[in-house]
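Chains B and C: place on chain A using the hints.
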Amino acid sequence: MNTQLSPSPGTGEPTRPDHRPAPVRETGRFDGQHRRRLLRADALTVAAWSSLAASIALWLADGGLATTASPAGLVTALGIVAGLAGMDLVLLMLLLAARIPFIDGAVGHDRALEFHRKLGKPSLYLLLAHGLLIAVGYGMAEGLDPVSEAVALWVLVPDMWLAFISLALFIAVVVTSLVAVRQRFPYEFWYVVHLLTYAAVLTSLPHQFSVGGLFAVGTWQRWYWLAICIATGAALLYYRIIQPLRATFRHQLTVERVTSVAPGVVNIEMSGLQLGLLAGNGGRFFIWRFLAPGLWWHPHPFSLSAEPVRTGPDGHGRLRITVRDLGRGSAQLLRLRRGTKVAVEGPYGLFSSAARSKDRVVMIGAGIGITPLRALLETTPFAPGQATVLLRGHSNRELYLGEEILELCRQRGATLFHLTGGRDPGSPNSWLPAAEHRAGYALADYVPAIAFADVYVCGPSRWSGNVLNAARAAGVHEDQLHHERFDW
Amino acid sequence: MQQTSEPTHRLRARTFTCMGTVISLTVPTDAHKPPQAAADELEAATAVVERLFTELDSVFSLYRPDSEASRLVRGELALPAASAEMRARYEEAAEWRLLTEGAFTPERPDGGLDLSGIVKGHAIREAGTSLLALGMANWCLNAGGDVLVSGSPSPGTDVPWWAGIVDPADRRTLLAGFPLGGGFSAPSFAPAGLAPLSGKTADGGTRVALATSGSAERGDHIWSATAGAVEFLQVSVAAADVVTADVLATAIVAGGVSMLNRATVMWDIEALAVRANGELLATGGFRR
Amino acid sequence: MRIRAAVSAALASAGILLVGWQSGVHVADTRSAAAAAATGNQASGTGTTDSSGTASSGSSGSGGSAAGSSGSTGTAGAAGAAGAAAKAGGTYDGEVVQTRFGTVQVQIIVKSGQITDVTALKLTDAEGRSMQISNYAAPILRDEVLQAQSANVQTVGGATVTSDAYLTSLQAALDAANL
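Chains as they are written, first to last, in the numbering used here: chain A, 270 to 757; chain B, 3 to 290; chain C, 14 to 192.
If you're looking for bench data, these hints aren't it; they were derived computationally from the structure. For every residue, glycine included, the Cβ atom is placed at its ideal position computed from N, Cα and C. Any given hint might turn out to be false.
[As the list claims (entries may be wrong)] Here are a few chain C residues that face chain B, going by a calculated C-beta distance under 7 Å:
hint : residue
1    : 38
2    : 39
3    : 158
4    : 161
5    : 164
6    : 169
7    : 170
8    : 172
9    : 173
10   : 186
11   : 188
12   : 192
[To be verified] Label pairs and their computed distance ranges (CB to CB):
hint : chain 1 : residue 1 : chain 2 : residue 2 : range
13   : C       : 27        : A       : 301       : 26 to 36 Å
14   : B       : 161       : C       : 154       : 19 to 29 Å
15   : B       : 109       : A       : 338       : 29 to 39 Å
16   : A       : 652       : C       : 31        : 45 to 55 Å
17   : C       : 27        : A       : 458       : 37 to 47 Å
18   : C       : 21        : A       : 703       : 45 to 55 Å
19   : C       : 157       : B       : 139       : 30 to 40 Å
Next comes chain A alone, as it looks inside the complex:
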């Protein structure tokens, strides 16, 4: 059974929502914000490619081309360039994973990680090429076969043994990150191996500055390379370690209450300080670590399911997350004890008002994905009648926080649809319940002006994919689509 809440209540039977002609012009309240955000995203793209070009240019500026006259020189030069480019990509990967607010605010954390993953294989190929071509090139120059040359490099040239170790570590990291391999090992194993990246980068640094002369003392190239390495390290240190520690100590979060809202779903309320700083982040997620035995080493990405509530004058208050048992450590959360301390990192993600580009907004959620939408609904700006919320679930019980969302929609003048029921088994690409799907409903029927709206989608990944496709088919641009992935 479906219910819909709109300015004119329905009769209880499924009715087709009436079509209204879409207005020709929008007021463009978010135009400026959107333009600036895209500019920042483009600037990041340009900066990334420029850094790659710069790493090669500094070799060119050293007169590198002049050494390519001979076969050995050419091979060696290719090896050097491959190494420079590979290291630059590695630094970019580190920066993308560093959770830098500028990057998060421009493209979003999950897209940043997507680029991070994409750079993995190219960077490894470049580093492998670097090692191979250098061994061949130097060997050609000295009349040695590559293996002997490699041995000579290991034995005779300082810091080269570290470089060999570094390459081995890189190979280990990338191989275990390949999807095929990753699925065969527990997450914790993959994570530990991935941490070896730091060791791989650190062991690769000495030989870059001591072998080959490009970064010899006194060259401007040395300053540049030092600067980018140090900057990357500083960013990692600050944004991944110092900032979270500061946030944890600043907010002093403690579990107050754990209440059940549905089978397998609980609200976890926490008290803390200076919660005003966490306000306004509806839809963004934090990484939570509950400091209890057996739980502290599981990082959980969850969004707030409501705005923080202030109860005291100094920002003392409460905040809430809604969690479902999804396995892998989540089950224990259902049994959290009062008084457990919580370490928090964040907020992260672009699933928020910062991503808005249109005046209208559509929020489509399923299952526990409804949670961030609830928080977004509370804070994101829209005029009455300009927002639509679609909640999807197998039954009413799965429309978590349904009462709260209903109340919010009523207060703010948003249109709400409940879409319950199983999927049509014969249509794997459908996001609608079977009845609606067979009746021929499409997304535009629920939101006629969807092409002029920001569309926020959150739910299981396959279902979300179907929704996004339906939105694209209805004329929504990529810039207007906002999707929070829970499975990274």
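What follows is chains B and C alone, placed relative to chain A:
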């Protein structure tokens, strides 16, 4: 045998034959010592050195069928089961092979092991240590043309020993000379095997060893690393320790000009090389 | 927006590469081919230019050989021309060669046609510092080496001789005088 020295004849020498060549030990007469004591001292020193050489020869000589080296070459003995001395010399030679990138190698073309290239230098080095241990600070040891000195032929002064270098074309004339020792009293024996790759000792006067290798040499241990005609007839290397000088001289004869340039950069040495056509290449220390 | 990003990135990268290339070319232009003077002597002396490329006649990463390698890179013809130029005198910078010891560029100082000093301009040691090499084995005339007569040496060095050959050698004469 020694004769009573005349007042103006200040050097004494003793010789013996070993390793197929002649080893000479020359010491300045100590005016303060009674002649008999000085003679005894020289006698004792020579005996020590001779024993050292003989012992090493008995182990490493490939001309003795019963030496450990011969047994090794014949396959009766495996290297891991060889004596500590054998393995130590092999390890030292292998390190030099790596450092000279194959120009110096203990492996003969037929695969057999010939450590004679390193053993003679090692023997001289050990002999020098023994002489110092005996309390002798001024001496000159010449083993088949490789020279190691300590102190000065005029004790108490900084006058260096002068070593002549024969002309390979006419062994009765001297091509050049080189000062050894003097100035600083004790030779510096580098740790067994390796001279430092980098870090120059800026002073040029502490060379105490001069080793010479030639393609006209008796030794079988030079396998030419460069295809074709040998580039150098003879190479002399002066260094702070005798094994370095000996190995590098051998390596340069085998490796040619490329090895010469590599050696002068990587090690703190002076070198004089005689080309097949008689032309000379020399580092600055050989220049007048 | 993606197109804007792609175009800007391409332009920026191209610009950066261009700047780098131009600075590199400028650096190379300031070097004189006459630096191969040392090579000229070597190449003409040995009569061989090793078939492999850079650092080849040195066959190694040493500074001295870098001079040789720049010559062999430039072929023997350049060596000849360089030899002629070297007769004049002056300071010459050789080509930059990549070796595993670093980038090596050799500067030689020629006086009256004789190489009197060779310096590696860019050779890095283990700590990444520039190293000077001034110990190049250069051609030398017989009357320019340290002289020695049998009267003023105490010992004679030479390739090992057999015990028989010793008997007729200079060393034997010295030892006999000292016995």
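* Return the status of the interface hint for residue 38 of chain C: holds when the least beta-carbon distance to chain B is below 7 Å, violated otherwise. => violated (29 Å)
* Asked: Going by Cβ atoms only, is residue 169 of chain C closer than 7 Å to chain B?
  -> At about 5 Å, which falls below the 7 Å cut-off, the nearest Cβ of chain B leaves the hint on residue 169 of chain C intact, so it holds.
* Kindly confirm whether 19 to 29 Å is satisfied by the beta carbon distance between residue 161 of chain B and residue 154 of chain C. => holds (27 Å)
* To do: Under 7 Å, Cβ to Cβ, is where residue 164 of chain C needs to be relative to chain B, so tell me if that hint holds or is violated.
  => violated (10 Å)
* **Status of the residue 158 of chain C interface restraint (C-beta, 7 Å, chain B)** => holds (4 Å)
* **Per-residue hint verdict: residue 186 of chain C, partner chain B, C-beta under 7 Å** => violated (10 Å)
* Under 7 Å, Cβ to Cβ, is where residue 161 of chain C needs to be relative to chain B, so tell me if that hint holds or is violated. => holds (3 Å)
* CB of residue 21 of chain C to CB of residue 703 of chain A, is that within 45 to 55 Å? -> About 48 Å separates the Cβ atoms of residue 21 of chain C and residue 703 of chain A, which means 45 to 55 Å holds.
* To do: Identify whether the interface hint at residue 173 of chain C stands, where standing means a beta carbon of chain B within less than 7 Å of its own.
  => holds (4 Å)
* Asked: Hint check: is the beta carbon of residue 170 of chain C less than 7 Å from a beta carbon of chain B?
  -> Since the shortest Cβ distance to chain B is 5 Å, the answer is holds.
* Hint check: 7 Å Cβ-Cβ cutoff, residue 172 of chain C to chain B -> Since the shortest Cβ distance to chain B is 3 Å, the answer is holds.
* Could you check if residue 188 of chain C really has its C-beta closer than 7 Å to a C-beta on chain B? => holds (5 Å)
The earlier numbered hints that this structure contradicts are 1, 2, 5 and 10.
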